[in-house]
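Engineer: For chain A, the structure is supplied; the task is to place chain B on it using the hints.
Protein chains: 2
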Amino acid sequence: MQSYPSYLLENAVNQLSKLPGVGRKSALRLALHLLRQDSQQVNDFAQSILLLKNEVKYCKVCRNISDSDVCSICSDPKRDATTVCVVETIKEVMLIEETEQYKGLYHVLGGVISPMDGIKPSDLEIESLVDRVSKGEIKEIVFALSPTMEGDTTAYYIARKLQGSNVKMTTIARGISVGDELQYSDSVTLGRSILDRQEYKM
Amino acid sequence: MQSYPSYLLENAVNQLSKLPGVGRKSALRLALHLLRQDSQQVNDFAQSILLLKNEVKYCKVCRNISDSDVCSICSDPKRDATTVCVVETIKEVMLIEETEQYKGLYHVLGGVISPMDGIKPSDLEIESLVDRVSKGEIKEIVFALSPTMEGDTTAYYIARKLQGSNVKMTTIARGISVGDELQYSDSVTLGRSILDRQEYKM
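Chain order of the listed sequences is A and B.
For the first sequence, the working numbering assigns the number 319 to the last residue and increments by one with no breaks.
For the second sequence, the working numbering assigns the number 319 to the last residue and increments by one with no breaks.
Rather than coming from a laboratory, the hints here were simulated on the basis of the structure.
C-beta atoms are modelled at their ideal positions from N, C-alpha and C, and glycine is treated no differently.
You may find that some hints are simply not true.
Straight-line distance between alpha carbons at most 20 Å, and here's what the computed EDC-like set of lysine to aspartate or glutamate pairs gives [claimed, not checked]:
id	chain 1	residue 1	chain 2	residue 2
1	A	Lys-142	B	Glu-217
2	A	Lys-142	B	Glu-242
3	A	Lys-142	B	Glu-214
4	A	Lys-278	A	Asp-313
Covered by chain A, according to a simulated footprint, are these stretches of chain B (three or more residues, beta-carbon under 8 Å) [unchecked claim]:
id	region
5	146-156
6	181-192
7	199-210
8	280-288
So here's chain A without its partners, still in its complex pose (with noise of 0.2 Å):
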C-alpha cells in the first residue's frame, strides 16, 4: 500500500487514475509532472477542462459538440443537408471529417442500444432524428455504426422507425480493410465482402 507524504498529492493522484487508461503509478507520474509545472500552466490546464465541461455546447441540430447553438458543419451552406450520417458519438464525427469524403451532415446518437449495459433507445437521439426526417429535407441517412450486436440493432430500430418516410436508408460498406491481407482477414467479414462484391473499375 503507497503511502502519500501529502494528503492533496494523494487526492490528485485518486482524481488521475480515474481517467481511462491511468493507473496508480501514472496517476502519480502524471501529479509529480503538473507539481514541477509553474501555476500559470497548471491554471491552464485545469481551466481548459473546467470550460470543456462547463461552457461547450451540443448543436441542437445534430447533437454534435459545438461552440456555439449550431455547430459548424450544421451551419456549413457548402454542405448537403440532404444527406445524414448516423453516428455514436462525436469522436465518429471527427474520424469521418479527417476522410474528406463526406459532405453531408451527421446525427450524433450518443451510444448504441446496449441492453447489457442499460442503454435504451430512449437514452439515444434517436427521436431528435426522427423529427428531423419528418421535416422532409433529408433524402439519406447513411448508418455509420460499428458493426457489432448493438450496432446493427440501432440501424434496425432506427430503419424501422423510419419506415414509411421517403428517406433512402444506407450503410458505410463493409468489407476487408484497405491495405490487410486477405489472408488474415476473418471469416465473417471476408464472407461479407464476397457477397456484397462491387463492380471492377478499370
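Structural biologist: Just chain B now, kept in the frame of chain A:
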C-alpha cells in the same frame, strides 16, 4: 490534420496532450471521457489539480512535499533523526517508504547535477543539506541516487562539501536485483557486485 468541432475541445486536447506519455489521440479520448462525466466529478478532478499545485507545501526540513510546514516523516518522533537519506525527488521518498526498511529521515535534492540539462548545484537543495549536517545531530548520510553519471557526480559533490564534518557517508548497495537471472545482468553491475561481495549469511 485533425479538425475539432469545438474550440473548447481543441483547447482541452492541447492541454491534455502536454501531459507526459499522452499523445493527441489519447488526449482526445481523455477529453471525451471527461465530457461524459457529470459536472461535479469534472469539477472535483480539476480542483484536485489546482489544490495540489497551489496549496501543497514543501517540508522546511527535508523539502519533501507536505500538507504542513514540517512533513509527517520529519515530525515523527519514532524516526531516527541521526540518519538522513539523500534522494533526487519525492518519488524516491515514496519508493523507499514503501519498502518499510528505512527508519531515518530524508533530504530531497530536487534533481541531480546535470550540465547537459543546465542543472547546477545551486539549483538543488544542497546548501540546505549542508546546513542540516552542520547542526551536528546527523551521524549518517545515505546516498540513494540513480547509478548514473549525474547521480555519481552529485554524490561526489555533496561528499566534498561535507568533508571535515563528522558525518559517515554511505550509499545504497548496488548489485544483482533480487529475482534477476545472473545470465541477463549487465557486466558493470555484475562486476560491481563481485567487488562489493558480502559475507554469506546462512
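Engineer: If a hint holds in the structure, say so; if it does not, say that too.
Structural biologist: Structure-based check of each hint:
1. A/Lys-142 / B/Glu-217: The given pair, whose Cα atoms are some 18 Å apart, holds under the 20 Å limit.
2. A/Lys-142 / B/Glu-242: Status violated; Cα separation ~26 Å.
3. A/Lys-142 / B/Glu-214: holds, 15 Å
4. A/Lys-278 / A/Asp-313: violated, 25 Å
5. 146-156: Three-residue rule met by the region 146-156 of chain B, so holds; n is 9.
6. 181-192: With 7 residues closer than 8 Å to chain A, the region 181-192 of chain B meets the three-residue bar; holds.
7. 199-210: holds (count 4)
8. 280-288: violated (count 0)
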